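Novice: As they're listed, the protein sequences go chains R and X. In this text, residue positions in the first sequence follow the numbering used here: the first is 15, and each later residue adds one. In this text, residue positions in the second sequence follow the numbering used here: the first is 15, and each later residue adds one.
No wet-lab data here; the hints were simulated from the structure. Nothing here was measured: the structure is a model prediction, and the numbers come from that model. Among these hints, one or two may not hold up.
The following residues of chain R were derived to be distant from chain X, with all beta-carbon distances above 12 Å [unchecked claim]: (1) D48; (2) V145; (3) K168; (4) K219.
Result set (SDA-like, lysine to any residue): computed pairs, CA atoms no more than 20 Å apart in a straight line [as the list claims (entries may be wrong)]: (5) K55/R / I159/X; (6) K219/X / D199/X; (7) K155/R / H58/X; (8) K152/R / K55/X.
We treat Cβ as the ideally placed atom computed from N, Cα and C, and that holds for glycine.
Number of protein chains: 2
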Amino acid sequence: MVMKVHGSVFSPSTMRVLIALHEKDLEFEFVFVDLRASEHKKEHFLSLNPFGQVPAFEDGDLKLFESRAITQYIAHVYEDKGTPLVCEGNPMATVSVWMEVEAHQFDPAVSKLHRELVYKSKIGMATDAAVVEENEAKLAKVLDIYEARLSQSKYLGCDCFTLADLHHLPALTSLMGTPVKKLFDARPKVSAWVADIMARPALAKVLAMRNQQ
Amino acid sequence: MVMKVHGSVFSPSTMRVLIALHEKDLEFEFVFVDLRASEHKKEHFLSLNPFGQVPAFEDGDLKLFESRAITQYIAHVYEDKGTPLVCEGNPMATVSVWMEVEAHQFDPAVSKLHRELVYKSKIGMATDAAVVEENEAKLAKVLDIYEARLSQSKYLGCDCFTLADLHHLPALTSLMGTPVKKLFDARPKVSAWVADIMARPALAKVLAMRNQQ
Numbered sequence: 015m016v017m018k019v020h021g022s023v024f025s026p027s028t029m030r031v032l033i034a035l036h037e038k039d040l041e042f043e044f045v046f047v048d049l050r051a052s053e054h055k056k057e058h059f060l061s062l063n064p065f066g067q068v069p070a071f072e073d074g075d076l077k078l079f080e081s082r083a084i085t086q087y088i089a090h091v092y093e094d095k096g097t098p099l100v101c102e103g104n105p106m107a108t109v110s111v112w113m114e115v116e117a118h119q120f121d122p123a124v125s126k127l128h129r130e131l132v133y134k135s136k137i138g139m140a141t142d143a144a145v146v147e148e149n150e151a152k153l154a155k156v157l158d159i160y161e162a163r164l165s166q167s168k169y170l171g172c173d174c175f176t177l178a179d180l181h182h183l184p185a186l187t188s189l190m191g192t193p194v195k196k197l198f199d200a201r202p203k204v205s206a207w208v209a210d211i212m213a214r215p216a217l218a219k220v221l222a223m224r225n226q227q
Numbered sequence: 015m016v017m018k019v020h021g022s023v024f025s026p027s028t029m030r031v032l033i034a035l036h037e038k039d040l041e042f043e044f045v046f047v048d049l050r051a052s053e054h055k056k057e058h059f060l061s062l063n064p065f066g067q068v069p070a071f072e073d074g075d076l077k078l079f080e081s082r083a084i085t086q087y088i089a090h091v092y093e094d095k096g097t098p099l100v101c102e103g104n105p106m107a108t109v110s111v112w113m114e115v116e117a118h119q120f121d122p123a124v125s126k127l128h129r130e131l132v133y134k135s136k137i138g139m140a141t142d143a144a145v146v147e148e149n150e151a152k153l154a155k156v157l158d159i160y161e162a163r164l165s166q167s168k169y170l171g172c173d174c175f176t177l178a179d180l181h182h183l184p185a186l187t188s189l190m191g192t193p194v195k196k197l198f199d200a201r202p203k204v205s206a207w208v209a210d211i212m213a214r215p216a217l218a219k220v221l222a223m224r225n226q227q
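Chain R with its partners taken away, still in its complex shape (with noise of 0.2 Å):
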């Protein structure tokens, strides 16, 4: 029985998890929800994920919900198809350190933005420029510490492309059409990081899903 995921490509959550199965070259069933007709809050899709946030991931018998559990069963279990995306041992370790620090200190920060400057505008709402300029002022922190790191390593968990590094890619593909773009050119590792991971073809994969839709 093959894979399938129930979500949006439009949604950043749905996003990680495509991207993390094109990279590991895996056959899958991609099944829409229409986030608009609230497809999301009914009851069948509530049967997969109670909080009735998309996406949602079914293998075989096996229910899981929220994207970076799925990335991470998908790079466990298939850890012998296409990219790694996970080490062995204590270079795992450090790969979860900033798997977390992209679920915790990054992306609030990012969805704020993301929120301000791509979903307001989208639906016609306006920009609170105060919630741009205090969340610009943290993303610049943290992308400080993202130079540093970037310095000693050439990807955030290690030497190699993990799910530490993929977990920000949605978010990237919608900042970099943004003024937020300028926080990662004015730092060179960061700006060939963000170059380096945003030329993945299981990326352009996924983008090329949005056209089909």
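Given the coordinates of chain R, assemble chain X onto it according to the supplied hints.
Specialist: Relative to chain R, chain X alone:
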């Protein structure tokens, strides 16, 4: 060389790591970081965690930060000691889901409630009733889902106590002394789960460390 935890026993994130070490019956050295003297923003501590947040952790040459990455390291590397805390195979994927739920659904609401009801009153600031009301409503929805989950499974991740439960203990310890306790008490399965996990001897050992400070 004995493991070292750098932090404060009053920090929820530090407590998370200390509870895991006590569950595993591991020897460690606790290095007190004086947050009032801003020791966590000074050069020595920043060399352990560039984000300047407690805890930081050392095991031989390996240096880690981010509490949930540290607990995972302890649980996996010392899997044959003390309480298992993780499972093998597919059940672990479900434990990961509920670890993500704690981090992304439970923690955002309880952190704001902790700030309003515990931290602000300690430093003599007024509580913002609107923030409390908003986050009590968010937490109530999360606990409704926990109530359903705990009807299917003895603990959140599986039928054994794991990191998915353990990660909740610091927040529960502080919220049970506030009016937010009523949200847990109103739900029988949640209430029994709280009583069960708060009775862990490892938590009592960490609370006893507070009295030695």
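Novice: Hint by hint, note whether the structure agrees.
Specialist: Hint check results:
no. : hint            : in the structure
1   : D48             : 22 Å, holds
2   : V145            : 16 Å, holds
3   : K168            : 18 Å, holds
4   : K219            : 24 Å, holds
5   : K55/R / I159/X  : 14 Å, holds
6   : K219/X / D199/X : 25 Å, violated
7   : K155/R / H58/X  : 19 Å, holds
8   : K152/R / K55/X  : 16 Å, holds
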